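J.: With chain S fixed as given, assemble chain E onto it according to the hints.
Protein chains: 2
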Amino acid sequence: MPPGGNEARGAALAELAALMHRLRTDPQLGCELEGASGEALDDAQRANLREMRREWQQSTALPEALVQARTLAASRYEHAWRAAPGQRLKGFLANFRDVMRLAREEAELLSQLQGVSKYEALMDRFEPGMTCAEVDRVFGDLKHWLRASCARRRNARARDDGDADRPFSTERQKALCEHVTRMLGFDFSRGRLDVSTHPFSGGVREDVRLTTRYRDDDFLQSLMGTIHETGHGRYEEQNRPRELLGQPVSEARSMAFHESQSPSFEMQIGRSRGFAGLLAPLLVEAFGAQPAFEPDNLYRLLTRVEPGLIRVDADELTYPAHVILRYEIERALIEGDAEPDDIPALWDEKMLALPPRHARRLSATARCRTCIGRAARSAISRYTLGAMYAAQWFAAIRREVPDLDERIARRPRAAPFDWLRDNICSPRAAGRSRSCAARASGERLNPAFPRAPGAALPCLSHRGCRSS
Amino acid sequence: MPPGGNEARGAALAELAALMHRLRTDPQLGCELEGASGEALDDAQRANLREMRREWQQSTALPEALVQARTLAASRYEHAWRAAPGQRLKGFLANFRDVMRLAREEAELLSQLQGVSKYEALMDRFEPGMTCAEVDRVFGDLKHWLRASCARRRNARARDDGDADRPFSTERQKALCEHVTRMLGFDFSRGRLDVSTHPFSGGVREDVRLTTRYRDDDFLQSLMGTIHETGHGRYEEQNRPRELLGQPVSEARSMAFHESQSPSFEMQIGRSRGFAGLLAPLLVEAFGAQPAFEPDNLYRLLTRVEPGLIRVDADELTYPAHVILRYEIERALIEGDAEPDDIPALWDEKMLALPPRHARRLSATARCRTCIGRAARSAISRYTLGAMYAAQWFAAIRREVPDLDERIARRPRAAPFDWLRDNICSPRAAGRSRSCAARASGERLNPAFPRAPGAALPCLSHRGCRSS
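Just so you know, the sequences run in chain order S and E. Using the working numbering, read the first sequence as starting at 1 and increasing by one per residue. Using the working numbering, read the second sequence as starting at 469 and increasing by one per residue.
All clues stand as given, with none of them false.
Some, not all, of what chain S presents toward chain E, calculated at C-beta under 7 angstroms:
#, residue
1, 189
2, 204
3, 206
FYI, nobody ran anything at the bench for these hints, they're computed from the structure. Everything numeric in this text was worked out from a predicted model, so none of it was measured. Glycine included, every Cβ here is placed at the ideal spot set by N, Cα and C.
Same shape as in the complex, but just chain S (with noise of 0.2 angstroms):
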């Protein structure tokens, strides 16, 4: 888009959401809304009926200008971000307070509403049910294992694994992600992979756009980003039922259940030794025999540990850490316990308890723009609880199909796919997430699965989504 684009497009954003949020709140739907009797509803219709009421509910406490000027203030927000990446901390501050001044007043009146902390009021919006508490809980757990495990990690990643030859051409890593996501069952007559700088899954249902970016030093990028997209794209296009689309019952029930479709495809299906062995021969043919692409050496390529200094390049142990520091400052910012000056100062004392310490080379601003970028937009944390979900699922679909690995080899869609369908995408999964992922998984989030010596790799990194 051209700069001077942006102002046309907050506009014409901030109008939308304004009409969307007339029709949300219409005082017609509040009184149907109301007087609906639930009893004669199949399972479906009454979880759309209590999706309506929440959504309604939540959408009238908010006054309309306080969407619009949300809208408006985000689009700047973003704008100027993109037009001076290289922004002195001042100037990118000045446009934040606005965004962080409008997330708090949002917050306040959903917390009025809820009666809830103005933090937990917010994460409510994309993780309907989840607890500050229940965070902790995990984050906590999670924290300990970090800070053990870093240096153990390290030594594996020493180890000198094969690399592949270089370059790369785009022309072949691009037929090479197009034959993989077919192979995950992308349906290209409903949807399309591009470019972009930063790689994203969006569009609607019948029409689901992913992107990837090419390096010529660097075919796994692609690759696995391209995967990762395909967990998202594949969950918003048919993953879930058709014949309810556009109801409530089929929405993703919260922003970490879809999150855990693309580790599920990266991560779980994605980086295994079965995947692995099938990768290989398609490696050869895009760009020839070559030791790196032995099953067994492609494995070790697929699951070594990097450190990397930002979210989008972090490693599957700095990451988590990276995300529990942001959720940490984010909840401390809407709750109005530090300013956005703060962030720098906020960020170098929590790191020194984190792994690893090296994050703290990072400028101020890229500090506060790496740590806020999304605050007020949605939960940080769902990227990390994402990934656990999907250890989760995994180590539940493992003792469903033992012999879960062999058949990924033979076609990987076939066992994850039914169950991934059946558990967490079906209309029934359209009670909280909570709750659903005790009933797919026998008990509730825990974050022993992702170390657990059954989950064959370090698997909480969330790498494709490089939009913040």
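T.: Just chain E now, kept in the frame of chain S:
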């Protein structure tokens, strides 16, 4: 767009159309418009009030269901056409009959409101104040002239002008197009130039999107197409007063007025002798020195007339004949004097009276498709009316600026741009297009201008717009 996305896209467009219709027909708005007094208003405000009243009246004449159905049918029709360009007549007509039925329904309602014929009522939405009698008058005159001059122009075409050496690299064509677009005042901080199958201009005023297409055997197609779209883009983006953005008075006065901007740029400026002199060194820089780029030869290449079978490839003489034919068929369809199935026969019959006869070689489906692609969405006449307006504007400019060609050779923007801004794009241009044309050029639309000896070339083509 992947084919699966069409239904969702059509549904979204129809939903937006219904929402906009609801805003436009809000009874409260009607009361306010009725009660408003024009006394204390300035010219622009009075014009705004008049336009809002007109919009309100025309919109309230149409039921929301019709507005939605029309959008859905158009979307379905267009998708079927794109998905199967080789479609047989039967399948093509099945979708088109729906479009036509709804267009007639709309025309009938607007006809009752305005007390004019159905086609005239529909045309009034795109060409406020234009009558069929007026179109018949100028097209009748044109028809006679076309028939007489076709043979003469063919002889001119037969002369062997020196062509440039092929191929022309896409990269260099792209750089050339961007350079020329900038030279014509297009602001790339508020717009882009990209590639598409059918060149178009779109977007919003702060973000104007132009497209072109490159062929390695013909640099003039991309270049002149780009100049053409730049005319539309400049009108949207800069030539109308920014302080009135979003107000009716700043909208394009009529479709023909909008369509007069692109031939003003392409045919009147871009194919003038002065511009050929300006272009010559740029072509040498892009493609190397060669006799074809001598200014006199280049001017001959720019004004060469070649026959083409369909509108988008038609020459400057075939083109208006084609538009007249389509206008006549379009009118018969809307008035109910012909049915979609009659089109192939009607085409043949009318083609006998018009040059060039070879266009009869088109298949029945192509005749239908060519003929009715836009029938229900806008009046086809706008292309030729626009080209005639452009010739009339430039005759007026030449009266004021006798050395126009020399001025264009020095700086193509100055003289014509000021005149167009002050006479066509300024808020005082908000009256009916007929009175605006008369005020700007001293007389009503006059078909003599395109064929006057002062008009340096046959300028009635509208080659740049290739969307139907």
